[in-house]
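Starting from the structure of chain A, add chains B and C where the hints point.
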Amino acid sequence: MSEQHRDPSASGAPARPAPALSATNKFHVVAHDLPKVDGEGLVLGRPAYTDDLAPANALYVKLVRSPHAFARIVSIDAAVALALPGVACVLTWKDCPRVPYTRAGQGNPEPSPHDRFILDEFVRYVGDEVAVIAAEDEATAEKAAAFVAVKYEVLEPVLNFENALDNPIILHPEPEIHEMFPIGFEPKRNIAAAYHMELGDVEAEIAASPVKIETTVHTQAQQHVAMEPHVAFSYLDVHGRLVIYTSTQNPWHTRRLLGLALQKPIREIRIVKPRIGGGFGGKQQIHVEPFVAMVTLKTGRPARLALTRREVFEATFTRHEMRVSVRLGADPNGHLRAIDMQILSNTGAYGEHALTTFMVAGSKTLPLYNKIAAVRFGGHVVYTNKVSAGAYRGYGAIQGLTGLEAAMDELAHKIGMDPVELRRMNMIHEGETSDVFRIMGEGTEGVAMTIESCKLEECIARGKELIGWDPARLVREVAPGKLRTKGMAIAMQGSGIPLIDMGSARVEFQDGGFFKLHVGATDLGTGSDTILAQIAAEELGVEMKDIVVHSSDTDHTPFDVGAYASSTTYVSGSAVQRAARSLREELIAAAARKLGAAPGDIVYENKNFRSADGKNTLSLDDFSFDTLYHDGAAMQTIAATESFSGEKSPPPYMAAFVEIEIDTETGKVDVVHYAAVADVGTPISPMLAKVQIEGGILQGIGMALYENVRYSEKGHMLSHNMMTYPIPSREDVGRITVEIVDSYEPSGPFGAKSAGEIGIDTPPSAIANAIRNATGVRLTEYPFTPERVLAAIRAGAASGSIGSRLEGAGARTAPRAK
Amino acid sequence: MKLTITINGKNELLECAPGEMLTEVLRRAGYVEVKKGCDTGNCGACTVLLEGKPVLSCSYLAARADGKNITTIQGRVDEARRFAQFLTAEGADQCGFCAPGFTLTVLAMRDELANPSEADIRHYLAGNLCRCSGYEGQIRAIKNYLEAQHE
Amino acid sequence: MEIVEYSRPRSIDEALRLIRDRGGTPIAGAAWLRTNAKTIKLGVDLSELGLDFIRETERGVEIGAMTSYRSIETSELLAERFGGALGAAVSHVVGVQLRNIITIGGTAAGRYGFSDLNTVLAALGAKVVLYPKTALDFARYVETGAEGPFLIEKFILPARARAAFSQMRISESDFPVLNAAVAKTNDGWRIAVGARPGATRLCPRAMAMLGSAERPSDTTVAEAAAQAPAELRFGSDIRAGAEYREAILPALLRRAIAEVRG
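Protein chains in written order, with numbering that gives the first Met the number 0: chain A, 0 to 817; chain B, 0 to 150; chain C, 0 to 261.
By construction, these hints were calculated from the structure, which means they are not laboratory data. Any given hint could turn out to be false.
What the hints assert, rightly or not - Restricting the straight-line Cα-Cα distance to at most 20 angstroms, the calculated cross-link-like pairs of lysine to aspartate or glutamate (DMTMM-like) are:
(1) A:K481 - C:E4
(2) C:K37 - B:E150
(3) B:K1 - C:E47
(4) B:K67 - C:E47
(5) A:K713 - A:E141
(6) A:K481 - C:E47
(7) C:K37 - A:E155
(8) B:K1 - C:E4
Just chain A, same shape as in the assembly:
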């Protein structure tokens, strides 16, 4: 990429005006940029990740994997492998309890079908686990794996999700599998889940609409590529309990589901999440834990399993591939009357997250345009003999939005309206609601919600400034054969799953005047330990250094569903705020008793208690020793544990504007500038929120332009390492500008919503719209490789539409017809 793409000087946009009431004026810790609590240790490489901590005498576990996309295991002969010196055990499906479960890290009852056994007689994708080998060292384990002789009855696979529904080949004939509650599970039709809803009469509204739009997009499976491959180790502690250290986003779900799969009581299992090297949803499932657990239970010895990068690509989870069809009915002035969204989603070999990602494609997109008379959403999630799809940042919203924002831009083109004005005319505002909130949840019915914070107008206004949006001049030729063009999209996400996600926090006052903060919440590197400490420090009136965080240990920290659904700030943060608030009240009450006053007469500030008349004072530090050592019968540990489950899921919002450069002779697309303005409520740490969003945007750009999960005709994954699946490097993208507008969500801790996912949603839409603006052609197959873009350019040139888009002949700002 040429250096000119990365001109660091300003785009010409005016500097952001200083906000009238800055959050930093109100708070002393929250909304300030403070270094992460774990920063230095990680940069210096101190042992902190699962693989660094494994016991030295742990057995090495290796997995034998299926070379076939679909097969029945006829026999497994491990005799030669077992005879190798140093091989401790070889386990097959016959050694596993015959209990179906789901690997999806979700609350109980899980909205994913229980369609998976630890090991099964059938293998359903290339890479599916066949046998578990444990040996004294890695080389022996690998050698033993090569000596396990497996006979397969090879079956014909279903590889195209368009052919899966009602295909005579059935992937899941097992009688034991089941759904936990009705999710539309029809395995005999290869349906993992299905859902349908309608408000109003969509067909009638569309029929009556003077302007009709129909768009279908096909989004691809995407890989997370967290830098740390999946890894776990297990051992039996001194009491014979099973302890597993694992790189996971959801310790409690892992513990509960493992208990089910292993037929062990939950109380006999402990899950610990150490530092983990990224997740993005890729670790919101059970992966390697059952295998190390089975080896430890069988041999009594510690066991470790670290996946190779190839195994992470081939045999963990991808994003759900989806075909998203959107129909719009509108008036000629741009008012939307109806939206119909129909989706076919590919969940791969097993149904983890099948229903929920599919529903989120509608529930976290359709409410953006809440002024419609009718809306409909439906479709199926089907099984195919490809690697299982699971949770991935955006979680369906990115796929659904890609279809919806494509249709909206097509509408703008059809009526000759500025795409920005079309959004503004139809989008949701503060104080409004959408019936979709009430009807569609994640797997179940949703929760009605009035939007108490929505700054889309401000986000759009600022985004326009940052990119220099002029609807009459979106496309210009900067050099022979080089077009620059702009596109935009808006997005929403959620903040936790209301009434389903719950987090708890415990705060305890310690000698030296500091506080232990114990949370179940899982820090994936996102900085959640830090922002939760900020919330506690703010509420307790102390500094960050006075809060010591310990997280994600099912034995020692309170419950939390885990890091997903953008829940940590809103749900876990609220629990921390409540716990800190309770503790503060307890502290004041106890100090009051000591000072012989009523709690109402105590002023607590600057780490000091004083009576209203100023005569009696007690420092926090002194009090910490008194309550633990000096105060006789009145000594106590002052602590508080509180929980929170949201009654709503207030959406963060984003307006994104992209400028790309297209080489019209090669089809290469370079992102020159991606400007995104977000409403996340109060950012507990503005810089961490910004980095989360920047990271999400780059993953979204990767999905739009570079990343593609590819298979051979026989179902072998061709894109199975970082050579064949390159993620964006720092030379791939020009400038990313992220700004966060002033906003305040009353239901969130200190006004916060969430920032974890919103960044990823817009790039596939915004970039598609930019290409459409330049070429007149809507690309609908992701990713937009140079090959596909060149084909679009040639089609556009043939129809004469490129010339008309160049400078001086752009779109009208006002709609064409009355």
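Leaving out everything else, chains B and C in the frame of chain A:
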């Protein structure tokens, strides 16, 4: 086979199989700051300095390192800590898995390039992938760090 | 990677003996070898044979087989003699860390289709010298290989040339979808195209059309570039289809020729 490698100034006597790459050998010897992120030499998490030059330890034959000087991040702790301050000031130290390799490469760049432009910085560090941060915060941190070096 | 026996000879004669007489496998950078998980019975490490050099001789510019990509990228001599073409060719490979390891000899020996450097060497009319004395035309060597077993000692480039490199890749550190290099030496124009996905080949008709003109006209350049796809064979792979490679080749060539011509 037996190797003598000087690691962070310490003479280490190590065992390895002839075909082993350096990452394996280093991690086994306790240098877990050298990370394994991929199998194909793409991610940069395994970066070490060999005679002061950044190399991928996963793609360097351990046997060839016999008699040579290797530096991991632990061998440049003070400088790394100084750079870490700039990284943490941007919140760009996310999951941290890429950080030791990335930081070493930044130090090598600072030693090798006199006044790198942003394009030079991106190019020198192109072999250190990060999936968390989107790179922007890291670039900000490096620019601030290099500026501070000149003061 | 499994190596049964490892040897690191100090003399090139000894290295050749191990390769020729004992069936040893030469180990250059080892980076690509490692990803191919074969068992090597005797590995012959070439790193102490003094083959890491870039120097000027009466024959031209010589680059030793064990010279790293990074050395090539930062060499002032090579930048001065060949413009930025060699540096541009090597700079896309992953990162400086890998470029400090992989060598010009390693990627030449492999005759890899994805090699950008091989394309530039072919365009420059380089010679590859197999120790002790066999000098082969590099472009020809890439096409036909050489009677083995052999040991690459060095490459001989002309003393200077105007050269340019152009390429297409989907993302910056990915393998190329197509590459091309153009050079103007005293002997005329040379055009090489690689990553077809096959290994680099010359375009003799296009070269002939440019002839010995110092500054061929835009029309001549366009015509030569437009007919180039017909001179070559293209294939489809995970990164692109054959038709796409054919479709973009003329543009890549026009740009490289224009850059050389000025």
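Hints versus structure:
1. A:K481 - C:E4: violated, 55 angstroms
2. C:K37 - B:E150: violated, 52 angstroms
3. B:K1 - C:E47: Holds. B:K1 to C:E47 sits at ~19 angstroms (cutoff 20 angstroms).
4. B:K67 - C:E47: Distance ~13 angstroms between B:K67 and C:E47 Cα, so the pair holds.
5. A:K713 - A:E141: Status violated; Cα separation ~25 angstroms.
6. A:K481 - C:E47: violated, 48 angstroms
7. C:K37 - A:E155: violated, 31 angstroms
8. B:K1 - C:E4: Holds, at about 13 angstroms.
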